[in-house]
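With chain A held as given, fit chain B onto it using these hints.
So the chains spell out like this:
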Amino acid sequence: MLDKNLYYEVKNPSPLQLVWQDLRANPISTATLYILGALLIISIFGPLLAPYGSNEQFIDAVSLPPAWSDQGDMRFLLGTDALGRDMVSRLMHGARYTFGLPMLAVIIAALVGCSLGAISAVNVGVKSSTVKHLLDVLLSIPSLLLALVIIAVIGPGLSNAILAIALVFIPQFLHITKNAIADEQKQPYVLASRLNGVDNRYLFFSVLLPNIIKAIVMHLTIALSAAILDIAALGFLGLGAQAPAPEWGAMLAQSLEVAYNSPWVMALPGLALFVTLISVNILGESIRSALDKRLGS
Amino acid sequence: MSRVIIRQLSLLLITLFLISLLSFSMSYWFPGDPVTNASGIPIDHPRYEEVFEKRGFDSNIAHQYISYLRSLFEGDWGQSMQDNSEIWDELSLRLPATLELTVIALAIALCIGPPLGIIAAKYYRKPIDQVIAFISLAGYSVPVFWLAQVTILIFAVVLDVVPIAGQINPLFDVPAVSGSILIDIALSDIDHKWIAFQNAFLHIVLPAIVLATAPCVLLVRFTRASAIHVLQQKFVKGAYARGLSTAEVMFKHAIPNTMQPVTRQLSTAFSVLVTNVLITEVIFSWPGLGNWLVRSIYERDFPVIQHGLLVLASIILTVNVFANILQAWRYPQVRQEFYAR
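These protein sequence lines map, in sequence, to chains A and B. Counting from 1, position 224 in the first sequence corresponds to residue 737 in the numbering used here; the numbering is continuous, with no gaps. Counting from 1, position 139 in the second sequence corresponds to residue 142 in the numbering used here; the numbering is continuous, with no gaps.
Read the hints as simulated data drawn from the structure, not as lab findings. Check each hint, because a few of them may be wrong.
Calculated pairs, DSS-like style, for lysine-lysine (alpha carbon to alpha carbon, straight line, at most 30 angstroms) [unchecked claim]:
1. A:K524 to A:K806
2. A:K806 to B:K240
3. B:K125 to A:K806
4. B:K196 to B:K125
5. B:K125 to B:K255
6. A:K806 to B:K129
7. B:K237 to B:K125
8. A:K645 to A:K699
9. B:K237 to B:K255
10. B:K255 to B:K240
11. B:K129 to B:K240
12. B:K237 to A:K806
Coverage of chain B stretches by chain A, computed from C-beta distances (three or more under 8 angstroms per stretch; other residues unrestricted) [what the hints assert, rightly or not]:
13. 143 to 151
14. 266 to 278
In this text, all values refer to a predicted model and were calculated from it rather than measured experimentally. Ideal Cβ placement from N, Cα and C applies to all residues, glycine included.
The shape of chain A in the complex, shown without the other chains:
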């Protein structure tokens, strides 16, 4: 049998692999990776994993507290809400709306925004600082307000909210990519590649992209946390997901009336939202510090 590794070679991990190793070495960021992985699985397979349907009512079990209290029932681990719906099932169904859809929206926005930004940076090369400052000022309008503008035009609803969020984040990614490329293009290594006679496609994918990935990844985590918060806020205000949908923000809005009698109906979706957001933020923070360490500031 031939040994594939015939020659001894020193394998130097690439900077991105080093970043990954740094992330895995830190127990807290590893924990957030597991939490987010579990959330991702729940948002894809949630309806299969959940014990009951999201709107399945149990007339004999209305407003049951979680199972560990005296009045609890083991059938409903985290209790039921005022309409006798199982909280565990609703939370699991809701992960799709509150975590899955914003993630999808941000990924789509990143793909569209980054490609548009790259095209505009590589092809046009506008160096106008006026346009840059103008965009800076316009982008200072918070994303929720912009989403409200779009929803005001196309009307409330979950699909409209997702569309609005995706549209809102496109200019941000465009701006970030364009600025990052504009900064990198001044570097000598880009000039060297140009002198080597590479075409624009190679210049972008093999020369520029590895060097701007840091800015994009950093903004990706910020945008994801903002998108989750926005979709939940819209659901809470009644402008996103509508009443029976188990979106966590909408669940919080419905829990307002029963918060005193059955506080767990209010506490659980908020806690789920909090854990999700803190995981995304901690992961973003660890990625940022790892990238800073490995790729330079």
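Just chain B now, with coordinates in the frame of chain A:
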């Protein structure tokens, strides 16, 4: 410096022009008749013809835009489609209420945020830093509507130390002059003014604290990061080597340098504040702009949406530009950056 001011003000003018253009075109994007969407006068209303002509809808679109601007400056902002109230009158009562809440929350955030960040950086990687860093990360991640619900449940329902919602107990019957409740009480000539003040204070304290949380933790994070960076610089070591006390090093050398990147983020903190004020007002039934705007989006009350969004966006843009000017005035380094093309 004057160059920076002129440049920033012209930037503000251009962005405000773009925003007004957006607001103007919204009456076309909304479903239904553009005249009704802009003014709130339905088609079968007797004044419809008059408004149609006044808004220039018998002429081309440029003329329409100019007429729109004219009515904007004249204070003729149309009327709400829900209750036929004049938008300008309603707004001039609601905007001060929102600003009151915003200013108080901003003041709380500014008083607490930066000092905590500097303390955390001073004791970098000590227990006190870890506690502050964790609280700021948690505060950054907690959704404001949940925080509001939990604090209402704890402080208003269970402990019963503050009222649940609203601006003041309606028994006080304070006439609405400016919209901002504290100013209104000061202006009014009701009996028991002092008790009314106390009541209004109890009403405002919970929403203001909830609202201050997000910008406050944001400022803690920015200040901490910036102060850690500054404290590692050589001039700090040099200052210690010259025999200055810790207090002198901190107040004369470290803190002024720390605040430069933090002032840059003040406008970020302000936009977070404005986002959250929309939600906070809804939960606390605060009779402000955000509450009104959210309800109007829900009810599809187009004239209100159009003008409410215009006002909010202009406030944010104006604050942003003035934060830039402040920063350029205070820090010559930043001014150089603004000069650079």
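Each hint tested on the structure:
1. A:K524 to A:K806: Within the cut-off at roughly 20 angstroms; holds.
2. A:K806 to B:K240: The given pair, whose Cα atoms are some 24 angstroms apart, holds under the 30 angstroms limit.
3. B:K125 to A:K806: holds, 22 angstroms
4. B:K196 to B:K125: violated, 45 angstroms
5. B:K125 to B:K255: holds, 15 angstroms
6. A:K806 to B:K129: Roughly 22 angstroms between the alpha carbons, so the hint for K806 of chain A and K129 of chain B holds.
7. B:K237 to B:K125: holds, 16 angstroms
8. A:K645 to A:K699: Roughly 17 angstroms between the alpha carbons, so the hint for K645 of chain A and K699 of chain A holds.
9. B:K237 to B:K255: holds, 15 angstroms
10. B:K255 to B:K240: Holds. K255 of chain B to K240 of chain B sits at ~13 angstroms (cutoff 30 angstroms).
11. B:K129 to B:K240: Given pair K129 of chain B, K240 of chain B holds - Cα atoms ~20 angstroms apart, limit 30 angstroms.
12. B:K237 to A:K806: Between K237 of chain B and K806 of chain A the Cα gap is close to 21 angstroms, so the pair holds against 30 angstroms.
13. 143 to 151: holds (count 7)
14. 266 to 278: That given contact holds, which follows from 6 residues of the stretch 266 to 278 of chain B lying within Cβ reach (below 8 angstroms) of chain A.
Consistency note: the structure conflicts with earlier hint 4 alone.
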